[in-house]
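Asker: Chains A and B are the protein sequences, given in the same order. Under our numbering, the residue at position 154 of the first sequence is numbered 154, and the numbers go up by one with no gaps. Under our numbering, the residue at position 43 of the second sequence is numbered 43, and the numbers go up by one with no gaps.
You may find that some hints are simply not true.
Here are the simulated distance ranges between beta carbons [said to hold, decoys possible]:
| # | chain 1 | residue 1 | chain 2 | residue 2 | range |
| --- | --- | --- | --- | --- | --- |
| 1 | A | H345 | B | S181 | 55 to 61 Å |
| 2 | B | P237 | A | H345 | 41 to 47 Å |
| 3 | B | N216 | A | Q157 | 33 to 39 Å |
| 4 | B | F159 | A | F318 | 48 to 54 Å |
| 5 | B | L157 | A | A332 | 51 to 57 Å |
| 6 | B | P86 | A | Q157 | 47 to 53 Å |
| 7 | B | F252 | A | R331 | 29 to 35 Å |
| 8 | B | V4 | A | G149 | 28 to 34 Å |
| 9 | A | V96 | B | P237 | 42 to 48 Å |
| 10 | A | R151 | B | V276 | 34 to 40 Å |
No wet-lab data here; the hints were simulated from the structure. Where a beta carbon is used, it is the ideal one built from N, C-alpha and C, also for glycine.
The lines below spell out each chain.
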Amino acid sequence: MRFVLTTRYGQDVDVFRHGGERFWYALLGLVVLAAPWVVSPYNVGELALVFIWAIAGIGLMLLVGYTGLVSLGHAAFFAIGAYSHAILLGYGVPFVVSVPIAVALTAGVGALVGIPALRMTGVYLAVATLAFERIVAFTIEHSDPLTGGLRGMAVEQPSFFGLSIVNDQLFYYLCLGVLVVGLFGAKNLLRSPTGRAFVAVRDSEISAESMGVHLARTKTTAFAVSAGFTGLAGTLFAHKAGYLAPDAFTVQTSIQLLLLVVVGGLGSLHGVVFGAIFVGYLPQALAVARDVLPAAIGQIPGLELGVFGAILVLFLVFEPLGIYGRWLKIRAWFDEFPLYRRATHKRQKSYLRTERVH
Amino acid sequence: MSEVLQLLLSGLSQGCVYGLIALGFVMVYKATEMLNFAQGELMMVGAFVAFTVINLMGLPFVFGVPLTLVAMVAFGMGLERGVLRPMIGEPPFAVLMLTIGLGFVLRAVAGAIWGNEPRTLDVPFAGDVVNLGRIVLGVENLVVIAGTAVLCIALWLFFRYSRIGVAMQAASQNQLAAYYSGVPVKRITSLVWGISAAISATAGMLVAPIALIDPNMGLVGIKAFAAAIVGGFGSLPGAIVGGLVIGVAEQFAGRYLPAGAGEVSAFAILLIMLFVRPEGIFASLQQKKV
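Bound-form chain A, shown alone:
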């Protein structure tokens, strides 16, 4: 077990706690930087998609994992980001201007959704965001001149340094760069007073309020930041897809995002990356499994969603902390060997609200 002796203030505010961590992250950085030259072009594209999932996941993780607000409508923010970016590009706005505008717009809509969210939590919020998602989808389908309606719209693909954005390697590095900046930004946000307020609101609204956290402002900020990240992922997705149609942004997308944060591990940024890899690669793993399995099982229609659901159920029942939580336990086992005790990670049960003291 490693005990870090803090001797300088700088160590306290450092992103990495000790040299070992720095070494492993540097190694990881080298691997992802080298990946486009090693793996096949198809996989480069898939990895870029995983990064996009992860960026959207950061948004939802901030909201669900850190602020404790549930949203079933994040597909709407994803769609707003993607469509507004594509529409702006269509009017000839340059890429570097269009992305910030699209993100700001999505964040603004997120803040608007956040306002009624102040009065509701739990089921109200979940259903309200779901309703919001359906209404956004309806608006997109019926705004033919702007969005192409049900037919969809093609996305302009700008060029950088003589390379089109659809170039696999360029797009990979673009997504990677945005993801790294996003993760770094989210990590720092969570260490700021705002981020600490998020966590305080999640753990107990009443205590947070008593400690001087402005509930309304905090929740609205959380919604806006969350929507902004998801919208940013949407702008990248627009280029990845090349063609936007309403059926790419459904309730299922929202649920996939929730699956991402739950399976990755609620309340951890590492979890976002694990979850994104999981959500990005599960369909392919299933495609492989379909070929191996006997036809009677492999050809079930809707198998993919069923497996998604089953994995979600299994994780919630057996490992609610997700992949990252499991990793922490494995690491603790090695750290504390032979003194590891299961009870260290025992889950705490909470009472029904009616029996809790308000």
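Add chain B to chain A, keeping to what the hints say.
Answerer: Frame of chain A, contents of chain B only:
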């Protein structure tokens, strides 16, 4: 005029279905504070069980219906015992996600067992109509309304007069206090899930002659949530009224507003309701904040 009545009637019968699903949803919520997003899927499973019993096994309708209900009570209780009970005490979000996952699993399993092509349930009154002057009423629609009314009265009597019903009310008001007074809370919770599954199955059987049975029919469950919230969450009559409001509004919006408006009107009403009167039409006396 006759068109308005026609729309009103089909709206009411559709609304009854939403209301029944919402009823099952609210019952579970009141008893356990769990949000069952798989309620619509329970309706789908109920409809398929009825289809199996009546169409495939050839039992007469009058025997098939009770058999389906009994099977669904058992299914609901099994679900509670196997999947939901370990989740007691977990944060509400985890339960919500769990039931969403459960809904996906049920849909895939139903697709695997019964296939994805739409089926029809054989009912004795299929296609019959009643002529009232210039208004033509489908018997199926009337059966839905009548069935809902009968079920509501039965449930009201059950909660008002039966020992178990009163125990359920006690458990939903305060689990701990009920437990101290000797109410077997765990068994009651199981039973609540069973009854709620049976109510959803009733909705499934009632709607089967109008809509077709297929694994995705449970998606109307989403509108049932809207109904539950519009009606006032945690109020049983509110669930039915909310369902009726949404069912009727949907029919009229579908007829008089641009295409597709019917589909989203439920959500629009929900959002307006949340802004204007978040506690719903029938605010439950005992405020249980969610």
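Asker: Now tell me, hint by hint, if it's right for this structure.
Answerer: We went through each hint and held it up to the structure:
no. : hint                        : result
1   : A:H345 x B:S181: 55 to 61 Å : 36 Å, violated
2   : B:P237 x A:H345: 41 to 47 Å : 45 Å, holds
3   : B:N216 x A:Q157: 33 to 39 Å : 35 Å, holds
4   : B:F159 x A:F318: 48 to 54 Å : 36 Å, violated
5   : B:L157 x A:A332: 51 to 57 Å : 56 Å, holds
6   : B:P86 x A:Q157: 47 to 53 Å  : 49 Å, holds
7   : B:F252 x A:R331: 29 to 35 Å : 60 Å, violated
8   : B:V4 x A:G149: 28 to 34 Å   : 31 Å, holds
9   : A:V96 x B:P237: 42 to 48 Å  : 57 Å, violated
10  : A:R151 x B:V276: 34 to 40 Å : 36 Å, holds
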